[in-house]
Amino acid sequence: MKYKIIGGIIAAVFLIGVVGSVLVLTSKPKNTVRIVSDGRTLYTIDLSTAEDETFTVGYGGHENIVEIRDGRIRVADADCPDKTCVRMGWLSNASMPIVCLPHHLVIEFTDDDGDVDALTS
Amino acid sequence: MKAKKLAELALLTAAALIIFVVELQIPYPFPIPGIKTGFANIITVYAVYHFRAHEVAMIAAVRILLGAVFTGNFMALIYSAAGTLLCLLGMIPLKMLIDEKHIWMTSVIGAVLHNTGQMAAALLLMQTPQLLLYYPFLLVSGCLAGAFTGLCAQYITKRLLKYRKVKR
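For the record, the sequence lines run as chains R and H.
The numbering used here puts the last residue of the first sequence at 584; the count rises by one with no breaks.
The numbering used here puts the last residue of the second sequence at 514; the count rises by one with no breaks.
Hints are not guaranteed to be accurate.
[What the hints assert, rightly or not] Some chain H residues well away from chain R (every beta-carbon gap over 12 Å; in silico):
# : residue
1 : Lys348
2 : Leu352
3 : Ile364
4 : Tyr395
5 : His396
6 : His400
7 : Met404
8 : Ala407
9 : Leu411
[Said to hold, decoys possible] Selected chain R positions facing chain H (in silico; Cβ < 10 Å):
#  : residue
10 : Phe477
11 : Val481
12 : Cys543
13 : Ile561
14 : His566
[To be verified] Not everything, but these chain H residues come out facing chain R in the computed CB check (under 7 Å):
#  : residue
15 : Pro377
16 : Pro379
17 : Asn419
18 : Met451
19 : Met472
20 : Gln473
21 : Pro482
22 : Val486
23 : Cys489
These aren't lab readings, by the way, just hints derived from the structure by calculation.
Glycine included, C-beta positions come from ideal geometry on N, C-alpha and C.
Please build the complete structure, drawing on both the sequences and the hints.
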């Protein structure tokens, strides 16, 4: 009996995870992108008007190379050990930010249309 | 501590470390931080059922610390330490409730708690609530990975029981 209850709890957690994943995956991309380092917003970029460029975001002696091309943004390279952020590829989903955990870096879509000029730091 | 116990704990820690290092070489198709099978946790789950709480904690602590030394990734150390702490805090009491035949259930709950601890540490460190959007993926992967490592631990237990009988 108790195993049925525990099994039920596990199944519930799994289902919540599946439903949540589907919800997250189906959200649409937006135009404005925010680059957050260690909790502070470094840049707000409007991808629809941004020019192609590559720049470096540093954190404590380490760096991530961020690339903007054809209205898309990604981490082109990083000197972290796992390179998860690089493998995440282009930012394509409003609710799935690109994250580099070792360097405290987040690149995400945002609703804030305040500073839509190319780069504002 | 008796020499035999010391040797057993050291053996398990070494096995966990080897599994951990081998697993590093496996490329994962999901580019989401925190998602992996965690094969080394087979040892942790096994140890929870066969050793006392402080002994399991010792295995886990040495594994995490040396794992960070081997990979050189000390940021990951914080996340895995937070995850393992919560995981052990959940699994050790659970062994009173769940017997060894259902070890995969303990393992699933442990894996989900591990991911929860990682997520909590990441939220605290990065102060970015958007990270929570990864949590559903971590829940799914935690359930699957936990069930898998739990089943592995179950098979290991069977084999070792046979071996122990022969020895006596």
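_Status of the hint placing valine 486(H) at chain R (closest C-beta pair under 7 Å)_ = Where the cut-off is 7 Å and the nearest Cβ of chain R is about 4 Å from valine 486(H), the hint holds.
*Are phenylalanine 477(R) and chain H close enough, Cβ to Cβ, to be under 10 Å, as the hint says?*
holds (4 Å)
*Against chain R, does leucine 352(H) hold up as non-interface, every C-beta pair farther apart than 12 Å?*
holds (32 Å)
*Identify whether the interface hint at methionine 472(H) stands, where standing means a beta carbon of chain R within less than 7 Å of its own.*
Hint on methionine 472(H): holds, closest Cβ of chain R at ~5 Å, below 7 Å.
_Cut-off 10 Å, beta-carbon criterion: hint that valine 481(R) touches chain H_ = With a minimum Cβ separation of about 6 Å from chain H (threshold 10 Å), the hint on valine 481(R) holds.
*Is the hint on cysteine 543(R) kept, meaning its closest Cβ partner in chain H is under 10 Å away?*
Since chain H brings a Cβ to about 8 Å from cysteine 543(R), closer than 10 Å, the hint holds.
_Satisfaction of the cysteine 489(H) interface hint, Cβ to chain R closer than 7 Å_ = holds (4 Å)
*asked:* Minimum C-beta separation from isoleucine 364(H) to chain R exceeding 12 Å: can you confirm that?
replied: Nearest chain R Cβ is 19 Å from isoleucine 364(H), so the label holds.
*Closer than 7 Å between Cβ atoms is the bar; does glutamine 473(H) clear it against chain R? Give me holds or violated.*
holds (4 Å)
*Proposed interface contact between proline 482(H) and chain R, which counts if any beta carbon pair is under 7 Å*: At 3 Å from the nearest chain R Cβ, proline 482(H) passes the 7 Å test, so the hint holds.
*asked:* Tell me if the interface restraint on asparagine 419(H) is satisfied: Cβ within less than 7 Å of some Cβ in chain R.
replied: Holds: closest Cβ of chain R sits about 4 Å from asparagine 419(H), inside 7 Å.
_If I take the minimum Cβ distance from histidine 396(H) to any residue of chain R, is it greater than 12 Å?_
Consistent with the label, histidine 396(H) stays out of reach of chain R, its closest Cβ about 21 Å off (over 12 Å).
Hint violations for this structure: none, all hints satisfied.
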